[in-house]
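Since the structure of chain Y is already known, use the hints to place chain G on it.
Protein chains: 2
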Amino acid sequence: MPTERLVVIGGVAAGMSAASRARKINPRLEIIVLEKGRDISYGACGLPFLISGQVARPEELVVYTPEFFREERKIDVRLEHEATEIEPGRKLIRALHRGSQPVDIHYDKLVIATGGAPALSIPGAELPNVFNCNSLAAAIRLRRFLDDKNPGQAIIIGASYIGLECAEAMVARGIKVSILERSASVLGGFEPEIARRVQQGLSDRGVRLHTDAEATAIAAGPAGQGITVQYGSGSAAQADLALLATGVVPQTTLAQTAGMRLGATGAIAVDDRMQTSVNSVYAAGDCTEVMHLVSGKPTYFPLGTTANKQGRVAGENAAGGNARFDGIVGTLATKVFDLEVAKTGLSTQQALADGFQPGRVVLESYSHAKYLGGKPLSVVLIWDQPSGRVLGCQMIGEEGAAKRVDAAAVALHARMRVEDLLHLDLSYAPPFGTVWEPLLIAAHEAVKRRRGG
Amino acid sequence: MPTERLVVIGGVAAGMSAASRARKINPRLEIIVLEKGRDISYGACGLPFLISGQVARPEELVVYTPEFFREERKIDVRLEHEATEIEPGRKLIRALHRGSQPVDIHYDKLVIATGGAPALSIPGAELPNVFNCNSLAAAIRLRRFLDDKNPGQAIIIGASYIGLECAEAMVARGIKVSILERSASVLGGFEPEIARRVQQGLSDRGVRLHTDAEATAIAAGPAGQGITVQYGSGSAAQADLALLATGVVPQTTLAQTAGMRLGATGAIAVDDRMQTSVNSVYAAGDCTEVMHLVSGKPTYFPLGTTANKQGRVAGENAAGGNARFDGIVGTLATKVFDLEVAKTGLSTQQALADGFQPGRVVLESYSHAKYLGGKPLSVVLIWDQPSGRVLGCQMIGEEGAAKRVDAAAVALHARMRVEDLLHLDLSYAPPFGTVWEPLLIAAHEAVKRRRGG
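Just so you know, the sequences run in chain order Y and G.
Numbering-wise (numbering that gives the first Met the number 0), the first sequence opens with residue 0 and increments by one.
Numbering-wise (numbering that gives the first Met the number 0), the second sequence opens with residue 0 and increments by one.
This is chain Y alone, in the form it adopts within the complex:
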């Protein structure tokens, strides 16, 4: 019996998770990974730290090398191989290697993990002093520029969490940073109180934030030096470089051309086995949409943690196993200078859009006992007023926000009501917490408000 062949398109988080899991499930499977770039299996979430220099060398972000995959896992990793077409009828993939003649590669099972691409296409994005942080190669290019040219000023377009992480990275290198954000505040998806605290933190560190300031074009700067960014209605800003951090859109061309169904979000639609609408083809990671377990609707929420989980499930199923991935609850954490910022679930706005009747409470508490130097911690708890179901939780503070939000995330998975939070047995010792955990105090307030108190 001839061995079956699994082909994986894309070799970062979802793709390499799929390939590795498939190998575990089926030792005899032939596994080929086609990666159009030169890097695989790296921690994309660590890229801002490569830019800052806290991560000295790109290799530190690489989890496993191609050699490791080839030798230890018998996975045929093909770098600089770009899949250009899928023919599901004949189970063929057309691929190019460094401008070679296209070759056809047969597959029995296919996993698409083509990832995301920078969201905004802005005139001038191709200029030499314009950068993004969406891939290891892109981050290396920026890092080299910073090392070589020692620029003094940067403009970041987009106050997404990646934009803010890169702002911190550049400030750490002594660069003066301005941010242009097209909406009215930073960090879409966060509550106004949280966003305002972040904006205060940016201002404290000398970052100039322009909100309601949509970038419309980038051009070479005066006398060919640096760049000029046009924004808003007729404003312009100059700097030595610009960084695009306007978010990510799913790379779906390949899948769409091959007839795979996209969801309403524009990303590849998959079921809970990560199967696409086309037989024997799975998809995972930033090119797919994902079920939001709080709203009950598919959403586009590209994150490395989810990509790894989805990739693992796709690989298991492609190799003949039977794994399921139910979905996410929308958990996200980021560090912005001295602040930990984290959320899980829906924001009030998202909850309204999803048909809930959200109640909310904003609470000022502490990360741990005040008498041991506990830091202020702000908590927002969001619930559905008629049912009491917890819908979301957001936290911000100098410490204790990121991992604290996980308790709320588990509560969302368990579909708890605010009443169920009241007596959660959460850990306490004065160096780590407060006798009443902030989440519990918020729950008490929520219960009171539900009772009309």
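It is worth saying that the hints were derived from the structure and are not from the lab.
All of these numbers come straight from a predicted model, not from anything done at the bench.
Among the hints, erroneous ones may be present.
[Stated by the list, open to error] Partner residues aside, some chain G positions facing chain Y, computed with beta carbon under 8 Å:
#1 I24
#2 P26
#3 C44
#4 G45
#5 F48
#6 E59
#7 F324
#8 Y370
#9 K402
#10 L423
#11 Y427
#12 P429
#13 G432
[As the list claims (entries may be wrong)] Calculated from the model, a selection of chain Y residues having no Cβ within reach of chain G, i.e. all distances over 10 Å:
#14 T2
#15 Q53
#16 Y63
#17 L78
#18 E192
#19 Q198
#20 G295
#21 A401
#22 H422
[As the list claims (entries may be wrong)] Derived list of chain G stretches under chain Y, where covered just means 3 residues or more per stretch with a C-beta under 8 Å from a C-beta of chain Y:
#23 131-141
#24 180-191
No residue lacks a Cβ here, since even glycine has one placed at the ideal position from N, Cα and C.
This is chain G only, laid out in the frame that chain Y set:
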């Protein structure tokens, strides 16, 4: 209509929570608190930090003063009033004030919050150089001794978490500490791997730990200086002082004499409304037993967090409300020098004793991304092999253990199986975590083992 009167016996965590909640529920209720000592409403978990000096003055641990309660909450706090007898038939309490004639106080509703007392009665415990850390007064006495006498050596009897916190406090003051523990390891209720890591941490800081070393008697030291502790079969150790940290037993004499039912644990039995077996009498805090939601059995697990929750529920119900406290999942955190140590749920031993068939996995992971200086973090996950139900989780490491255990605690409340943990959407950013949270990696291993992998 005459106002109803609520009497609360005991004015620390549970007692003052009950009184405060009752006031909120019923503004007209007469509320009297009888406290046999001179302190109320203090954070008992902070006492080791008073001993170390990190908390400079005892007042810093006091949440609210008697004056605050009298004036702001109209609660009649009576210090140095010891309740000596309850007559439920006539709804009377007999109380002594500084050796006065006993007075009878009528109650309509009663909350008993008499707390716990040091567990071990050892000959010589009454000697002047023998201390404990079970009350603010006891901690102040020890702190004064340390400030005044500047002792060089201390013996701590009992490697409970309070014993270890006090060891750290004394080492911070330059005192040479020996610990005598009657069992084979520190921190009963923790898994051997966790306990061994703690023991290594103690040894690294110069603390001398004697296990299988039961203290049998304390006597004055040679030439009347300091103390001598007899332990094991004929050994003896000398020091300037001894500290009893052998745990706590419920103070139940008052309740038992009045005919209230005690549970199998020896603590006062209460239902989920915190009602005792006697009409109109509630109990809360370290004098009561509590339902363990994992084992489904009442247990004795005295902690400040639980006392506050129980007190609140007892107070609400005593004031005519209707609140319930379902129980705990056994969460506990402590700091031992540089180590965060935390657990939730049952240990393997406890699970066996409770009739489960526990499986377990020990995992070495990291608190956050290694390339950003993440610290080793050890995780033990315990589950029931036939059902897959999560039974417990323990963690230890230099950072990220205490609050991380909370996600597992919520999973225990929700009665999740290890399969449910696999895809929990927990927060990730390189400064705070790892792409695969340690709990999720442990869950993958657990699922594999359940499948016989």
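Hints and how they fare:
Restraint check, G/I24 versus chain Y: the minimum CB separation of about 11 Å is more than 8 Å; hint violated. Restraint check, G/P26 versus chain Y: the minimum CB separation of about 13 Å is more than 8 Å; hint violated. Contact between G/C44 and chain Y, as hinted, is supported at the beta carbon level, the nearest pair being about 6 Å apart and thus within 8 Å. For G/G45, the interface hint holds, the least distance from its beta-carbon to any beta-carbon of chain Y being 5 Å, beneath 8 Å.
For G/F48, the suggested interface contact is upheld, since its CB lies about 6 Å from the closest CB of chain Y, less than 8 Å. With a least beta-carbon distance of about 5 Å to chain Y, the hint placing G/E59 at the interface is held under the 8 Å criterion. The criterion of a C-beta within 8 Å of any C-beta in chain Y is met by G/F324, whose closest approach is roughly 6 Å, and the hint holds. Hint status for G/Y370 relative to chain Y: holds, with the closest Cβ pair at about 5 Å, below 8 Å.
The closest approach between the C-beta of G/K402 and any C-beta of chain Y is roughly 5 Å, which is under the 8 Å cut-off, so the hint is satisfied. Annotation: G/L423 was flagged as interfacial toward chain Y, and the flag holds, the nearest CB pair being 6 Å apart, inside 8 Å. Because the beta carbon of G/Y427 sits about 5 Å from the nearest beta carbon in chain Y, less than 8 Å, this interface hint is met. Look at G/P429: its Cβ gets to within about 5 Å of chain Y, closer than 8 Å, so that hint holds up.
Interface restraint check: G/G432 against chain Y, minimum CB-CB distance 7 Å, threshold 8 Å, status holds. Every beta carbon of chain G lies more than 10 Å from that of Y/T2, the smallest distance being close to 23 Å; the non-interface claim holds. For Y/Q53, the shortest C-beta to C-beta distance to chain G comes to about 6 Å, within the 10 Å cut-off, and the non-interface label is violated. The claim that Y/Y63 is not at the interface with chain G holds, since no C-beta of that chain comes within 10 Å of its own (minimum 13 Å).
Look at Y/L78: its CB is around 22 Å from the nearest CB on chain G, clear of 10 Å, so calling it non-interface holds up. Against chain G, the non-interface label of Y/E192 holds: every CB pair exceeds 10 Å, the least being about 19 Å. The beta carbon of Y/Q198 sits about 19 Å from the closest Cβ of chain G, which is more than 10 Å, so the claim that it is off the interface holds. With a least CB separation of 15 Å from chain G, Y/G295 remains clear of the 10 Å interface cut-off, as annotated.
For Y/A401, the requirement that its beta carbon stay farther than 10 Å from each beta carbon of chain G is not met, with the minimum near 4 Å. Listed as outside the interface, Y/H422 is inconsistent with that label: its C-beta sits roughly 5 Å from the nearest C-beta of chain G, within the 10 Å cut-off. Under the rule that three or more residues need a Cβ within less than 8 Å of chain Y, the assignment of the stretch 131-141 of chain G is violated, with 0 such residues. Remark: the stretch 180-191 of chain G is not confirmed as covered by chain Y, as 0 of its residues place a Cβ nearer than 8 Å to a Cβ of that chain, below the required three.
Of the numbered hints stated above, those contradicted by the structure are hints 1, 2, 15, 21, 22, 23 and 24, listed in ascending order.
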